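*Asks:* Each chain, letter by letter, is given below.
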Amino acid sequence: MAEEAAVANDQNLPPLANRTPVKTEEALKTLLADRGGKRYYAELKELDVDKEALKKTLDMTFKSRMKTWLEICAHCAMCAETCLYYIANDRDPKQTPSYKIQTTLGEIVKRKGDVDNAFMHYCMDTAWGKCTCCTRCGIYCPFGIDMGVMFGYLRGLCYSQGFVPFELKIGAGMHWVYNAQMDVTPTDYIETVEWMVEEWEEYYPGLTVPVDKEGADIMYVVNAREPKHYPEDLAEAAVLFHLAGADWTIPSTVGWEGTSLAMFAGDWPCCTQQVKGVYSAMERLKVKRYVGTECGHQHRATITEGPYWAGRKDGLPPGEKPSLHYVEWVLEVLKSGALKLDPAKKIKEPVTLQDPCNYIRNHGLTNVTREIMSYIAEDFREMSPNREHNFCCGGGGGLNGIGLYRKERDIGLKVKRDQILATGAKFVVSPCHNCWDAIRDLEEVYEIGITWSFLKPILLKQVIVPDHMKPKE
Amino acid sequence: MYEFVSGPLVWISFGIFFVGLLVRVIAYVKGLDWQKDRVAYSAAGIPGAVKSIVYWLIPFKSQAWRDNPVFTIGTFVFHLCLLAVPIFLLGHNILWDESWGISWWTLSDMTADWLTLLFFAAVVFLIIRRIVNPDVRLLTTGYDYLIIAIAAAPFVTGYMAYHQWFDYKTILIIHILAGELMLIAIPFTKLSHFVLFFCSRAQLGMDYGIKRGGRYGRGICW
Amino acid sequence: MKRKSVALVMTVACVLVFALAYAQDDIQSLEHDVFADRQRPAATFSHELHADTAEIDCLECHHAYENGENVWDDSMETDCTSCHKLDADGKTMSAMKAFHTNCKGCHTKEGKGPVTCGECHPRKE
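Protein chains in written order, with the working numbering: chain A, 1 to 473; chain B, 1 to 222; chain U, 1 to 125.
Keep in mind that the hints were calculated from the coordinates and are not lab data. Careful, some of the hints might be misleading.
[Stated by the list, open to error] Below are the PhoX-like pairs computed for lysine-lysine, each with C-alpha atoms no more than 25 Å apart in a straight line:
{"no.": "1", "chain 1": "U", "residue 1": "K91", "chain 2": "U", "residue 2": "K104"}
{"no.": "2", "chain 1": "A", "residue 1": "K335", "chain 2": "A", "residue 2": "K472"}
{"no.": "3", "chain 1": "A", "residue 1": "K112", "chain 2": "B", "residue 2": "K190"}
{"no.": "4", "chain 1": "A", "residue 1": "K110", "chain 2": "B", "residue 2": "K51"}
{"no.": "5", "chain 1": "B", "residue 1": "K169", "chain 2": "A", "residue 2": "K313"}
{"no.": "6", "chain 1": "A", "residue 1": "K110", "chain 2": "A", "residue 2": "K63"}
{"no.": "7", "chain 1": "A", "residue 1": "K110", "chain 2": "B", "residue 2": "K61"}
{"no.": "8", "chain 1": "A", "residue 1": "K110", "chain 2": "B", "residue 2": "K169"}
{"no.": "9", "chain 1": "A", "residue 1": "K335", "chain 2": "A", "residue 2": "K348"}
{"no.": "10", "chain 1": "A", "residue 1": "K67", "chain 2": "B", "residue 2": "K169"}
{"no.": "11", "chain 1": "A", "residue 1": "K38", "chain 2": "A", "residue 2": "K55"}
{"no.": "12", "chain 1": "A", "residue 1": "K345", "chain 2": "A", "residue 2": "K228"}
{"no.": "13", "chain 1": "B", "residue 1": "K169", "chain 2": "U", "residue 2": "K112"}
As the structure is a computational prediction, the values presented were derived from the model and not from experiment.
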């Protein structure tokens, strides 16, 4: 508290709102002490735009793909109906994706970076408060104009000028300092894992978590939220690997964590550092492949986009076998029979499935989750629309964590709420941290009486434990 | 005047049209950057690129076309007439047969006449949509109307010339100029989507075909 | 006022031209039966204007080649479409192409006479 008061009142403190990423633990702590970013946002109102730097960035990075997108847009507004914010905001024309990108990035380009503080605020409000970068609009544009990609780029421009929501400035800072989205060190992580193994091995004799095992088949990479807030998730993962007889390991160094709030913030050098950490761990341990936890944006940041940030020309992460999202690993062991579920324990009540944008629309794992559903649920009901055409949960792109745009996010949640209600199911399988959070929050805000779950707890309830792996009475 | 607009000016406008479009395509491809676009461009992306183009060239093939049936019909009628009428018009074919010795299958004048009216109907629909639909209205600028005007002018004047309204020779000269203006405008304006549509669609198709699921998943279903 | 008088003069001129034309019993248009399904009104053509007034040599249009030499004389076939049919036949041009090539070619070369579609194929009477 004393520290918070000091940050709020200290006149000598350099401005918290600035164009420099947070790269030290000390700076991170100072920023964190500014509760809710009160001082940060006040200072942001005074932050100058470095027009020259903005123009230079444009010259260097704004190339034919986006140039063409902005130029040829026919202003047909077919993208309007595809945007969850447009629908949730009573079809407000100002929520049309094309309008949002033309009035922000389009203007910056037209003015060659000659924009002021108020305009950058408008850009920030639009890039984060009105877009989750779900890229749904892009697949409905006749010209193939991917506005989600452009909003991602716009976020980068905003970030480079210091115009970024408070929590994401911190988020990127966490990655700079801890190579993880939260202040969890590798030591903290390993200790948590060991603690979980101690707690659970009573029920699963022989349960271990192989740390730094060279040449393992799988290197399992998690989201820092798991050790920080949901350690049972780590235990569940360990048990499932154990029961499936997987040859797996976790690194005890940088690379144990695969998320990227830096991607939501638009801090590309930080994205590079983050993903290189994961790849270096894979290379150091000489593992055959990567398996990431039930997180959508982690998959996007580490597997889909990551290779490019790391400068890998083939666009592929390291490892002799393809990297997997957790759902792919689950389907693999269900199909091979390594993990057997008890059909009698299938979920009886109606159940629906959330399609996370980051690995469904943006990684084509569409049929994987559906096949898994056929193993675990008796009455699976599709949302409409679904698969590649799904709507973002409303919490994507970092929206769950941004206090400034909480109101906008909550309005956006209405779309998912109505989709879930229309299925008649009261149980939502959500194999993604952000979707999981958004669905939890939508229940909190709209109280529609649903429950939700990752796959791991469901699998653990239904799995048949072989006799030799059961605890002795 | 007629000799000039139907002679050297045709060469000039077709020259600008073809060279301009070629430059646009080359500049587009040269401006692609595997690392900045985050797409490992390679031949592996070609099926995705083709799929991306085909799904949008066929009415009602993509989900977005199915979701907007009226607009889909309107825009396809507009574009088909815009391409088919001038290219397959008997009069035009006679002219380039005489000048360059090339000609192909032609529409009857009667059919072309009706297609022109159909084209006008599509233009009116697109303009009304711009005025009536609040989303489109907000996005629309004067430039959008100018583009429609550039595309429609050869048809309006062509229709007048064919029916020999007003002073025939003057209208005919205006008609030829309107056509040449359109050809020249294509590489320099939004009309460059004449080729950039294919570039942009191919690029996004490759993006989905290479990076976003095409390699492991089932790839995008447009 | 000016427009009215222009219209008046034009009308009178038209009437005079037509009256004159009928009086002379001249060929007025290239109305040939081969063009059964014509796309445009038949081309106007005054034989007198070309042969008598302009004194164009008959062999400019009429032709019958022997050893590369045009040996046509007025005892021979005068109807163009007796040779030039709707479709081209070997070396013989289609009727439409023959007319277009012959008429437009000469008009262009001489810088006299109409060359645009509607001037030869007018819709107005």
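*Asks:* So which of those numbered hints doesn't the model satisfy?
*Replies:* 2, 4, 5, 7, 8, 10, 11, 12
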